[in-house]
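> Sequence:
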Amino acid sequence: MKEITTTTNGNQVLFWMGLERTKENIQQDLQFIKIHAENEEITQISYESHNLGNNGLFIDNKFTNVLNSLQKTKLNSFYPMITTVNIPMLQELLLNKTNMNFFINQALQYSLINDITGFNIDFEPLRCNESTALANDFVLFIDTFANQLHKINKKLTVCVASWSYFWDIKKLINTSVDKVITMDTYATNADTFNKMFYSTLDLIGKENINKLGVGLMTDLRVNETELFRRIDLIKGKGINEIDVWQMPPPSDFWWNAMYKYLHN
3 MKEITTTTNG
13 NQVLFWMGLE
23 RTKENIQQDL
33 QFIKIHAENE
43 EITQISYESH
53 NLGNNGLFID
63 NKFTNVLNSL
73 QKTKLNSFYP
83 MITTVNIPML
93 QELLLNKTNM
103 NFFINQALQY
113 SLINDITGFN
123 IDFEPLRCNE
133 STALANDFVL
143 FIDTFANQLH
153 KINKKLTVCV
163 ASWSYFWDIK
173 KLINTSVDKV
183 ITMDTYATNA
193 DTFNKMFYST
203 LDLIGKENIN
213 KLGVGLMTDL
223 RVNETELFRR
233 IDLIKGKGIN
243 EIDVWQMPPP
253 SDFWWNAMYK
263 YLHN
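Quick note, the working numbering runs 2 ahead of the 1-based positions in the sequence shown.
It is worth saying that the hints were derived from the structure and are not from the lab. A portion of the hints provided could be inaccurate.
[To be verified] The following label-pair restraints were derived from C-beta to C-beta distances:
| id | residue 1 | residue 2 | range |
| --- | --- | --- | --- |
| 1 | L205 | K25 | 30 to 36 Å |
| 2 | R231 | N11 | 15 to 21 Å |
| 3 | N196 | L69 | 19 to 25 Å |
[To be verified] Subject to a maximum C-alpha distance of 27 Å in a straight line, what follows is the list of computed DSS-like cross-link-like pairs (lysine-lysine):
| id | residue 1 | residue 2 |
| --- | --- | --- |
| 4 | K197 | K262 |
| 5 | K197 | K36 |
| 6 | K76 | K262 |
| 7 | K64 | K74 |
| 8 | K237 | K262 |
| 9 | K197 | K153 |
| 10 | K74 | K99 |
| 11 | K64 | K76 |
| 12 | K36 | K208 |
| 13 | K208 | K173 |
| 14 | K153 | K172 |
| 15 | K173 | K157 |
| 16 | K237 | K197 |
| 17 | K208 | K197 |
| 18 | K25 | K99 |
| 19 | K36 | K76 |
| 20 | K74 | K157 |
| 21 | K36 | K64 |
| 22 | K99 | K36 |
| 23 | K213 | K157 |
| 24 | K237 | K172 |
| 25 | K99 | K208 |
| 26 | K36 | K25 |
| 27 | K157 | K76 |
| 28 | K208 | K74 |
| 29 | K173 | K213 |
| 30 | K213 | K239 |
| 31 | K208 | K237 |
| 32 | K173 | K197 |
We put the CB at the ideal spot given by N, CA and C, even for glycine.
Take the sequences, apply the hints, and build the full model.
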């Protein structure tokens, strides 16, 4: 049986890999992930994998396929990302039940063939009237997709933020989705982080705290003291997942902070 990273408190830490999209040093980061999974400082990974295409096509983005390498580490979960910013393609997916079902079925087949944990949806259209009009349809899509994945013991996570009305966070947290990951907390400024953190908690409600993932962004402007303060704040509210954009962190103190979150 494969040995996986364990935590003493049930918390999880996910890092994203941007791969070619972010000009990542992929082989170096795969080695980092292997080491830090063994050190019990990271438990999950998400990575750029697929794009949304025309009429609900589920398109391999042809980036480096890192799944096999990741599956050889002690990580416990693997979430390929599905991304788009294209509003016409989103309209084709969300406003047409046939296209929606076609997309979901393609994703289900992929998940079974490749033995992944589930998917991370990262649809980030610009804030405009056209994307706002899709908000309820996106909620329905997420709920439908999550329910279909659950039937085959897979999971779904979704990235959200308050900067676009495309994401109706209050409705999304009440779907069957497994995690709603807020990007609002990517803030580098401490006061901005606090504001967005507490506004997110107010929005989702205490009853949904176990479905919230708090996004952190690796940035040199977030020093060690501030990062550990944020970790303590997140832990103090009973939040059981941190999601970090992106590999690699800029300093070793990030790994120390993740270990603290997972074990103390």
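> Hint numbers the structure violates, sorted upward?
Violated: hints 3, 5, 9, 10, 12, 18, 22, 25 and 28.
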